[in-house]
Amino acid sequence: MNPEFEHLYQALSKVDGFIYPNEIELSWSILIVLYPFITGLVAGAFILASLERVFNVKSLRPTYVIALLTSFAFLLVATMPLIFHLGQPLRAWEIMMTPHLTSAMAIFGFVYLWYLMIVLLLEIWFDYRYDLVLWARESTGVKKWLYKALALGSDDISPKSVKLDQKLGYIVTVIGIPSAFLLHGYVGFIFGSIKANPWWSTVMMPIIFLFSAMVSGIALVMLLFIIINKVRKQKIDMLCLDTIAKYLFYIIIIDFTMESLDQIHRFYEAEESFEIIQLLISGHLNFTLLVMQVGIGMFLPLTTLGILQFYKPAEKVRQLLYFITGVLVLIGIFFMRWNVVIGGQLFSKSFLGFTSFKLSLIGPEGFLMASIWLIVPFFILAFLLWLFPPWKKTEMEH
Amino acid sequence: MPLHLKRLLLTGVVIVSLFLLLKHALTPDSFGQYGHYRGNSMGEIAALPIHFTGNKSCESCHDTIVTMKNEGYHSDLACEGCHGAGYLHIKNPKTEKLIKPNSREFCGKCHSINPARPEKAITQQNIKDHHPEDKCVKCHNPHQP
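Line by line, the protein sequences give chains G and P. Be aware that the first sequence starts at 1, since it is given in my numbering, and climbs by one per residue. Be aware that the second sequence starts at 1, since it is given in my numbering, and climbs by one per residue.
Hints listed in this document are in silico derivations from the structure and should not be mistaken for laboratory results. Backbone N, C-alpha and C define an ideal beta-carbon position, used for all residues, glycine too. Wrong hints could be hidden among the right ones.
Just some of the chain P residues that point at chain G, by a computed CB distance under 8 Å [said to hold, decoys possible]:
{"hint": "1", "residue": "Leu3"}
{"hint": "2", "residue": "His4"}
{"hint": "3", "residue": "Arg7"}
{"hint": "4", "residue": "Leu8"}
{"hint": "5", "residue": "Thr11"}
{"hint": "6", "residue": "Lys23"}
{"hint": "7", "residue": "Leu26"}
{"hint": "8", "residue": "Thr27"}
{"hint": "9", "residue": "Phe31"}
{"hint": "10", "residue": "Gly35"}
{"hint": "11", "residue": "His36"}
{"hint": "12", "residue": "Asn114"}
{"hint": "13", "residue": "Pro115"}
{"hint": "14", "residue": "Ala116"}
Straight-line C-alpha distance at most 20 Å; calculated EDC-like pairs for lysine to aspartate or glutamate [unchecked claim]:
{"hint": "15", "chain 1": "P", "residue 1": "Lys120", "chain 2": "G", "residue 2": "Asp155"}
{"hint": "16", "chain 1": "P", "residue 1": "Lys6", "chain 2": "G", "residue 2": "Asp156"}
{"hint": "17", "chain 1": "P", "residue 1": "Lys23", "chain 2": "G", "residue 2": "Glu94"}
{"hint": "18", "chain 1": "P", "residue 1": "Lys128", "chain 2": "G", "residue 2": "Asp16"}
{"hint": "19", "chain 1": "P", "residue 1": "Lys109", "chain 2": "G", "residue 2": "Glu25"}
{"hint": "20", "chain 1": "P", "residue 1": "Lys109", "chain 2": "G", "residue 2": "Glu6"}
{"hint": "21", "chain 1": "G", "residue 1": "Lys58", "chain 2": "G", "residue 2": "Glu395"}
{"hint": "22", "chain 1": "G", "residue 1": "Lys14", "chain 2": "P", "residue 2": "Glu119"}
Output of the computed footprint for chain P on chain G, the stretches with three or more beta carbons under 8 Å from beta carbons of chain P [to be verified]:
{"hint": "23", "segment": "9-19"}
{"hint": "24", "segment": "150-156"}
Make the full structure from the sequences, and use the hints.
Here it is, written out as C-alpha cells:
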C-alpha cells in the first residue's frame with residue numbers, strides 16, 4: 001500500500017466513536033507534557049528557597065543554594081521541549097521579535113525572560129558575589145578569569161557593599177515569589193484558558209498547576225539534597241530533611257484538596273461534557289490518573305509523610321522513606337501533567353468519540369527525545385555545583 | 001553606588017539595548033503595515049503562479065467527461081481533486097500528463113469506513129471486503145460511479 005495511505009489507515013484504526021478529522025492524531029505529545037513538568041520544578045524549587053529567605057525557616061538553610069541552582073538549571077532547559085516540538089525550531093525567536101499581545105505563548109516568552117534574568121540570575125548573583133570575588137583571588141587559570149568576569153571585574157567586598165548585596169538579594173527574592181507564581185500560574189493559564197476544551201478550561205487550572213509545581217519542586221530538592229550528601233559522603237542534616245518533608249506534606253494536602261475540589265465541582269455540575277469526561281477517566285486515563293497520579297503520586301506519599309509526622313523511625317529508615325516518597329511524588333506529578341496534556345486531546349470536541357495515543361520510542365516527539373530534556377538539566381546542575389560549590393561558600397546571615 | 005552595582009546596571013542596559021537593536025534589525029520592513037504580518041507578503045503570494053485551474057478549464061477539451069461527471073454522484077468533486085493540479089497540462093496536454101489515480105486505496109481515501117465521517121455525507125464501503133479481486137474503476141466509472 002502507498003505509505004501515504006498506510007499512515008491514514010493506521011491512524012484510523014486507533015479511533016472509536018465519532019471524532020473530527022483533525023483530532024485523530026494528537027498534536028501535543030510528550031514534549032508538551034515535559035514543558036509544564038520542568039517549569040513546575042523551577043517554580044517549586046524557587047519557592048522552597050524563598051521559604052528560607054523570606055519566611056525565615058532557618059532549618060532549611062542547607063537547601064537554599066541547592067534549590068536556587070536546581071531552579072536555574074531547570075529553567076535553562078524549560079523552553080527546549082517547546083522549541084523542539086516546533087516544526088521550524090529556528091524560527092522560535094520570532095515570537096520574541098514580533099510579539100503579539102494576544103498570544104499566550106509570546107507573553108510566556110517575556111514572563112520566562114523576566115524570571116530568568118531579573119529574578120533567578122540576580123538572586124544567585126547577589127548571593128554568590130562575595131564568594132566569586134574570593135574564588136577569583138584564590139583560583140588560577142581559566143577559572144580565575146571566569147570568576148572574575150562573573151563578578152563583573154569588581155573586587156569590592158567591603159562589609160558595606162556586602163550588606164547592600166544582602167539587602168538587594170532580599171528584595172529580589174520578595175519580587176521573586178510573585179514572579180514564580182506568575183511563571184507557573186501562567187503555564188496553567190495557557191491550558192485553563194482554552195475554553196473549547198472542558199478538560200482544561202477551568203479557572204482552577206493555574207492554582208492547581210502552582211501547587212503541584214511546589215509539590216514537585218520541593219520533592220526534587222529533597223531528593224537532590226539526599227543524593228548530594230550521599231555522594232559527598234556527608235552526614236545528612238536530619239532536621240533540615242524533616243522540615244522539607246513537613247512542608248512537602250502540607251503542600252501535598254493543599255494540592256490534593258484543590259484537585260479534588262476541581263473534580264468534585266465537575267462531577268456536581270455535570271455539564272454536557274461530563275459524560276465524555278467520565279468515560280475518559282474510566283477508560284483511557286484509568287491507569288495514568290487513578291493509579292499513577294492519585295494512587296502512587298498522592299495517596300502513598302501522603303500516607304507515608306503523614307505517618308512520619310507522628311512516628312519517627314531511625315534516621316536511615318527515614319532517609320530511605322523520604323527518598324522513595326520523593327521519587328513517587330515526581331512520578332505522580334509527571335503523570336498529572338500527562339493526564340492534563342494528553343487527556344485533553346484524547347476525546348473529541350464533539351463529545352462523541354475518542355482517539356488514542358501511543359508514545360513512540362524514537363523520533364522528534366519520542367521517548368528518547370523527552371529523556372534527553374529530562375537528563376540535561378541534571379548535567380547542568382552538576383556543572384553548576386562544580387563551578388559554584390555551595391559547600392565552599394562563606395556562611396552568611398540572611 | 002559600589003562599582004559592581006554600576007557594572008550590573010550597565011550590563012542590564014547593554015542587554016536591553018541589544019535586544020531592542022536586534023528587534024529593530026530583525027523585524028521585516030513591511031511588518032505591521034496591515035496587521036500582525038508582513039505587508040509585502042500579500043503581493044508576494046498574489047504573484048505566485050496558480051496551479052489549480054478549476055473544472056471550467058477542462059471543459060474545452062474533455063467536455064464529455066465534464067458533462068458525464070456533472071450528472072453523476074461525483075458531481076461535487078473537482079477534476080483536479082483526483083487528477084492533481086492541471087496548470088501544466090492545459091498548456092501542453094501531450095507532454096504533461098496528469099495522474100490517473102485508479103488504485104483501490106485512492107478511492108478508499110474518501111470511501112473507506114471512517115468513524116470521523118458521517119455516513120450520510122458520504123457512502124462508505126469496507127474496501128477490504130468489497131469485491132477485493134478487482135480495481136474499483138473496473139466496475140465503477142470514476143466520473144459517473
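So, going through the hints one by one against the coordinates:
no. : hint                : result
1   : Leu3                : holds, 5 Å
2   : His4                : holds, 4 Å
3   : Arg7                : holds, 4 Å
4   : Leu8                : holds, 6 Å
5   : Thr11               : holds, 7 Å
6   : Lys23               : holds, 5 Å
7   : Leu26               : holds, 5 Å
8   : Thr27               : holds, 6 Å
9   : Phe31               : holds, 6 Å
10  : Gly35               : violated, 10 Å
11  : His36               : holds, 5 Å
12  : Asn114              : holds, 6 Å
13  : Pro115              : holds, 5 Å
14  : Ala116              : holds, 5 Å
15  : P:Lys120 - G:Asp155 : violated, 80 Å
16  : P:Lys6 - G:Asp156   : holds, 12 Å
17  : P:Lys23 - G:Glu94   : holds, 9 Å
18  : P:Lys128 - G:Asp16  : holds, 19 Å
19  : P:Lys109 - G:Glu25  : holds, 17 Å
20  : P:Lys109 - G:Glu6   : holds, 10 Å
21  : G:Lys58 - G:Glu395  : holds, 13 Å
22  : G:Lys14 - P:Glu119  : holds, 19 Å
23  : 9-19                : holds (count 7)
24  : 150-156             : holds (count 5)
Checked against the numbered hints listed earlier, the structure breaks hints 10, 15; every other hint is satisfied.
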